[in-house]
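K.L.:
Make the full structure from the sequences, and use the hints.
All letters in the sequence shown, in the order written, are residues 93 to 211 by our numbering.
These are calculated hints, taken from the structure and not from any lab test.
Check each hint, because a few of them may be wrong.
[Unchecked claim] Now the in silico label distances, taken between C-beta atoms and shown as ranges:
| hint | residue 1 | residue 2 | range |
| --- | --- | --- | --- |
| 1 | 154 | 182 | 31 to 37 Å |
| 2 | 188 | 164 | 17 to 23 Å |
| 3 | 128 | 161 | 30 to 36 Å |
| 4 | 99 | 127 | 37 to 43 Å |
| 5 | 184 | 153 | 18 to 24 Å |
| 6 | 162 | 116 | 34 to 40 Å |
| 7 | 186 | 99 | 17 to 23 Å |
| 8 | 158 | 201 | 24 to 30 Å |
| 9 | 209 | 189 | 28 to 34 Å |
| 10 | 163 | 125 | 35 to 41 Å |
| 11 | 156 | 186 | 35 to 41 Å |
| 12 | 186 | 151 | 33 to 39 Å |
Don't be surprised by glycine CBs; every beta carbon is placed ideally from N, CA and C.
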Amino acid sequence: MNVRKMQVIPTRIHGVIDQVVGPALVLAPTLLKLGRTSPEGITARAVGGAESIYSNLTDYELSVKKIVPMKYHLALDAVGGATLALVPQLTGARRRGKKHWLPHLAIGVMEVGMAAMTK
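P.N.:
As structure tokens, then:
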């Protein structure tokens, strides 16, 4: 399959989603009442915080400073998404209920998918 055909998300749309998802990940553990030191809470905050920073430094339409090439941004998104999806599974957090793993899996898969599908 031609990879270019899969890349259908414009960078402007990707940027809008980044401006929402990064801060949402930082806030989500508090809203979901996850433990302050739980691996899934720490992971969501770390990935969200990092994404908020590098998104505002990426060379695309909505950033504050255009330093990080889009290629590297997408690689960071893929790594962050995979981390979000896997940490609750690898740490056993999934045994504590859906709120400890389902949002992480959903956002993680979305992040990896967006990294693959952005122009």
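K.L.:
Could you run down the list of hints and mark each one as holding or not?
P.N.:
Status of the hints after comparison with the structure:
Evaluation of the 31 to 37 Å hint for residue 154 and residue 182 yields a pass: the beta carbon distance comes to about 33 Å. Between residue 188 and residue 164 the Cβ separation comes to about 34 Å, which falls outside the hinted range of 17 to 23 Å. Separation of residue 128 from residue 161 is about 35 Å and conforms to the stated range, judged on CB atoms against 30 to 36 Å. About 38 Å separates the C-beta atoms of residue 99 and residue 127, a value consistent with the hinted range of 37 to 43 Å.
Remark: the range hint 18 to 24 Å for residue 184 to residue 153 is contradicted by a beta-carbon distance near 41 Å. Remark: the range hint 34 to 40 Å for residue 162 to residue 116 is contradicted by a beta-carbon distance near 22 Å. Restraint check, residue 186 to residue 99: a C-beta distance of roughly 32 Å breaks the suggested window 17 to 23 Å. Hint check: residue 158 to residue 201, Cβ distance near 28 Å, so the stated range 24 to 30 Å holds.
For the pair residue 209 and residue 189, the supplied restraint of 28 to 34 Å holds, since their beta-carbon distance comes to about 31 Å. A C-beta distance of roughly 38 Å is found between residue 163 and residue 125, which places it inside the suggested range of 35 to 41 Å. The hinted range of 35 to 41 Å is satisfied by residue 156 and residue 186, whose Cβ atoms lie roughly 37 Å apart. Remark: the range hint 33 to 39 Å for residue 186 to residue 151 is upheld by a beta-carbon distance near 37 Å.
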